[in-house]
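Could you slot chain B onto chain A? The hints should help.
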Amino acid sequence: MSSPSKYATGQTVNALRGLILHGLLLVLLILLGTGLSLLVGMALRGLVVDDDRQLVLATALAFTVIPGPLAWLLWVWIRKKLIDAHPTDSAIWSLQGAAVYLIALVMSSVALLRLLSGQVDGIASNSWQELTGTVVGWGLVAFWQFRMLNSVKYAPRELPHLAACLGNAYALGLTAFSLAVALRTALDLLFVPSVTLVGHSPLPRLLGSVIWVLGAAALWFWHWKLQRVQALRDNFNSFVVMLVGVCLAALATLLAATATLNIVMPLPWDFTEMGLRFADSGPLAISALLSGAIFWIYHHWQLVGRGLLVVTVSRQIISGISLALLASGLGMVVNALLASVSSPLNSDTAPSVLRTGIALAVVGVVFWALYFRPGVPADPESRRVYLVLFFGVSAVVALVALLIVGYRVFEILVAGTSAALNLLDYIRGPLGWLLATAGVSAYHFALWKSDRERLAAGRPQAPSAPSAGSPVPTEPAPAAARTLIVVAPHGSDHLLSTLQLTEGLAVRWIASSGPRLPEEITQQLANRITEALATLPGSLLAVAGPDGQVSFTELAD
Amino acid sequence: MIALATISVGLIIAALIVVSLRPAPPLRDADTPAGVVQRYVLAFQSSDLSAAQKLVEDGGDKQVCDPYSSGGETAQVSLVREATTEQTSTITVSMAYGSEGGLFFESYESQDVFELKKVNGTWLITATPWQMGLCTAEEMGL
Numbered sequence: 001m002s003s004p005s006k007y008a009t010g011q012t013v014n015a016l017r018g019l020i021l022h023g024l025l026l027v028l029l030i031l032l033g034t035g036l037s038l039l040v041g042m043a044l045r046g047l048v049v050d051d052d053r054q055l056v057l058a059t060a061l062a063f064t065v066i067p068g069p070l071a072w073l074l075w076v077w078i079r080k081k082l083i084d085a086h087p088t089d090s091a092i093w094s095l096q097g098a099a100v101y102l103i104a105l106v107m108s109s110v111a112l113l114r115l116l117s118g119q120v121d122g123i124a125s126n127s128w129q130e131l132t133g134t135v136v137g138w139g140l141v142a143f144w145q146f147r148m149l150n151s152v153k154y155a156p157r158e159l160p161h162l163a164a165c166l167g168n169a170y171a172l173g174l175t176a177f178s179l180a181v182a183l184r185t186a187l188d189l190l191f192v193p194s195v196t197l198v199g200h201s202p203l204p205r206l207l208g209s210v211i212w213v214l215g216a217a218a219l220w221f222w223h224w225k226l227q228r229v230q231a232l233r234d235n236f237n238s239f240v241v242m243l244v245g246v247c248l249a250a251l252a253t254l255l256a257a258t259a260t261l262n263i264v265m266p267l268p269w270d271f272t273e274m275g276l277r278f279a280d281s282g283p284l285a286i287s288a289l290l291s292g293a294i295f296w297i298y299h300h301w302q303l304v305g306r307g308l309l310v311v312t313v314s315r316q317i318i319s320g321i322s323l324a325l326l327a328s329g330l331g332m333v334v335n336a337l338l339a340s341v342s343s344p345l346n347s348d349t350a351p352s353v354l355r356t357g358i359a360l361a362v363v364g365v366v367f368w369a370l371y372f373r374p375g376v377p378a379d380p381e382s383r384r385v386y387l388v389l390f391f392g393v394s395a396v397v398a399l400v401a402l403l404i405v406g407y408r409v410f411e412i413l414v415a416g417t418s419a420a421l422n423l424l425d426y427i428r429g430p431l432g433w434l435l436a437t438a439g440v441s442a443y444h445f446a447l448w449k450s451d452r453e454r455l456a457a458g459r460p461q462a463p464s465a466p467s468a469g470s471p472v473p474t475e476p477a478p479a480a481a482r483t484l485i486v487v488a489p490h491g492s493d494h495l496l497s498t499l500q501l502t503e504g505l506a507v508r509w510i511a512s513s514g515p516r517l518p519e520e521i522t523q524q525l526a527n528r529i530t531e532a533l534a535t536l537p538g539s540l541l542a543v544a545g546p547d548g549q550v551s552f553t554e555l556a557d
Numbered sequence: 001m002i003a004l005a006t007i008s009v010g011l012i013i014a015a016l017i018v019v020s021l022r023p024a025p026p027l028r029d030a031d032t033p034a035g036v037v038q039r040y041v042l043a044f045q046s047s048d049l050s051a052a053q054k055l056v057e058d059g060g061d062k063q064v065c066d067p068y069s070s071g072g073e074t075a076q077v078s079l080v081r082e083a084t085t086e087q088t089s090t091i092t093v094s095m096a097y098g099s100e101g102g103l104f105f106e107s108y109e110s111q112d113v114f115e116l117k118k119v120n121g122t123w124l125i126t127a128t129p130w131q132m133g134l135c136t137a138e139e140m141g142l
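Line by line, the protein sequences give chains A and B. Heads up: the first sequence begins at 1 in the UniProt record's numbering, then just goes up one per residue. Heads up: the second sequence begins at 1 in the UniProt record's numbering, then just goes up one per residue.
Isolated chain A (complex conformation):
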């Protein structure tokens, strides 16, 4: 029949049109941001036009005068469609808005922090006008975009909190990084002695980095608490928070722990060398360790109420990282041990390789044991993907290592140079890799096979006892699959935003014609819908009447 295909084509055309329009708006806003920043910067210099600034002024004017009105016209045209937009259009709008917001936020916040810390830290800078221009120009764009995204009329219904979520992730990263820098400066000043002949006091530099930390922390606090990103419980937001707050922080912490252990271990038994290592990279390692650990623990604690899927995935990612560290460490240990067996010319790299390998292996094994819990029999369903992934990746790496070993063996045989002792030294690197990754691959393969057997053995019993079935796999399923379709008049956004915060619920709104509902009736509606969600299972259609009555229809999934 022609009409479904026409409908499908019509949808594609609409989506494409939405993409192009919003893409244009994105580009225009970015150009406008650049132009405004340059213009304000030049204005602060008194619009003095000497040779090098002519081009800058021309660019500034061009980027303001042309994109400005065009962006406004485009926005006026687009916004009419946004009021009750198709879900695809809404999603594109949210993506574009979030992209503009994030870019403008990054530019303006970095410029602001540089400006503020530049007042204190005494690094001679005569570019405060440009920095202020950046702050004002990009700040205006960020502010406007944020207001549009959160306005009652135009707020996107799909991915509604994307901008705040990404802004929060950025602020979190910036805070953690600036905390690490500040701590590093502090540790450097405290513990790394240096005999200064000539130099300025390092106090301004330390104060400048403290300002960065405070500013970034304020930005994070604004997103996390005031924009209520912390309260968002749906899967997407939890995933983003988990990825940045837990996994990235864990990665940084584990690497820093390895670096610290590497410095502290007195493996060539030489304390002067240990002191040199500490002076070189000690402050960096310890500061990264402290900063990463703080944010990791905080977000770990935050993930507690957020549903099994997010927690499981985060555990698996962290155990994957620790396993990678463990395998690398074991490879390096094998490498170093083989080096001590053969007698190469430069034998002094072997102890440092051994030391780094032991550090990696120790950190890796501790956290892998904690997060993977190899002794405790785990639910086979949840870790299938993880096991297959690890088995696959380590098999590929083992194959590459095997190829390198083979290549080197053949190279020595064919070139026929000196004795077999050289062979061992030549292949010890890739041989270490090979042994480590082959071990990892074999272990995960064995686990996967045993899991498969357990699953196959478990299945015949499942249909016979459906009500008393395994509690663990069914827990996430009902919560995640519920849809709520609300038919309510315009202006019921307050109702929707409350409902969108419920975990595991996909909310869709179809606007009904009719007068706007007053506030108390909207509240009654919200209460009735929440009650119905608690009592009726499955997906629901809720049609709101003008006097606060709601009729519910249960939907088939």
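Since the hints were made in silico from the structure, they are not lab data. Where hints are given, some of them may not hold.
[Said to hold, decoys possible] Negatives, chain B to chain A, calculated, CB over 12 Å: (1) S8; (2) S50; (3) Q53; (4) D58; (5) Q87; (6) T90; (7) E115; (8) V119; (9) L124; (10) G133.
[Stated by the list, open to error] From the structure, some residues in chain A lie toward chain B, with a derived Cβ separation under 8 Å: (11) L179; (12) A186; (13) L203.
Computed from a predicted structure; not experimentally measured. Where a beta carbon is used, it is the ideal one built from N, C-alpha and C, also for glycine.
Same frame as chain A, but now just chain B:
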């Protein structure tokens, strides 16, 4: 986590205190090699050519080798090693230039050597790092 946060804040505050209380680098005696180097660097950074020339062997007709490089101006110079004998001295210093950029001040650090010779009982500089050197017109190629 609270413990870690307190430790971090405590470290930063401790560093602030320590740094505020740290005295400025003392001016060393003018008859030690380190003192001569210190005075030379101070004179160089404040563009006091005559004072710098006095500390360099045959310094009378030497000019700043590279007047356009701003590297030497704002460097922080720390003493790394001193190897002094009766007549000669080699002083290894590390020069750190803070780069602008707020968060990413990877201060570029390089180590270099000052060579000194005892001439008539006073220490004079014979070789300097290139950032802070004085050269004759011939050496500069003029």
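Hints versus structure:
Distance check on B/S8: its Cβ comes as close as 5 Å (rounded) to a Cβ of chain A, failing to clear the 12 Å threshold; non-interface status is violated. Distance check for B/S50 against chain A: the nearest CB is about 19 Å away, which clears 12 Å, and the non-interface claim stands. The beta carbon of B/Q53 is kept farther than 12 Å from every beta carbon of chain A, the shortest such distance being approximately 18 Å. Residue-level check passed: B/D58 sits 24 Å from the nearest beta carbon of chain A, beyond 12 Å.
Every C-beta of chain A lies more than 12 Å from that of B/Q87, the closest at about 22 Å, which supports listing it as non-interface. Listed as a non-interface residue, B/T90 keeps its Cβ farther than 12 Å from every Cβ of chain A; the least gap is roughly 15 Å. Even its closest Cβ contact with chain A, about 16 Å, leaves B/E115 beyond 12 Å, as expected for a residue assigned away from the interface. The claim that B/V119 lies off the interface holds: its Cβ sits roughly 22 Å from the closest Cβ of chain A, which is beyond the 12 Å cut-off.
Interface exclusion of B/L124 from chain A stands, the closest Cβ pair being 17 Å apart, more than 12 Å. Distance to chain A confirms B/G133 as a non-interface residue, since its nearest Cβ pair spans about 16 Å, more than 12 Å. Hint status for A/L179 relative to chain B: holds, with the closest Cβ pair at about 7 Å, below 8 Å. At its closest, the beta carbon of A/A186 sits 3 Å from a beta carbon of chain B; the interface hint therefore holds under the 8 Å criterion.
The interface hint given for A/L203 is met, as the beta carbon of that residue sits about 5 Å from the closest beta carbon of chain B, less than 8 Å.
In the structure shown, a violation is registered for the earlier hint numbered 1 alone.
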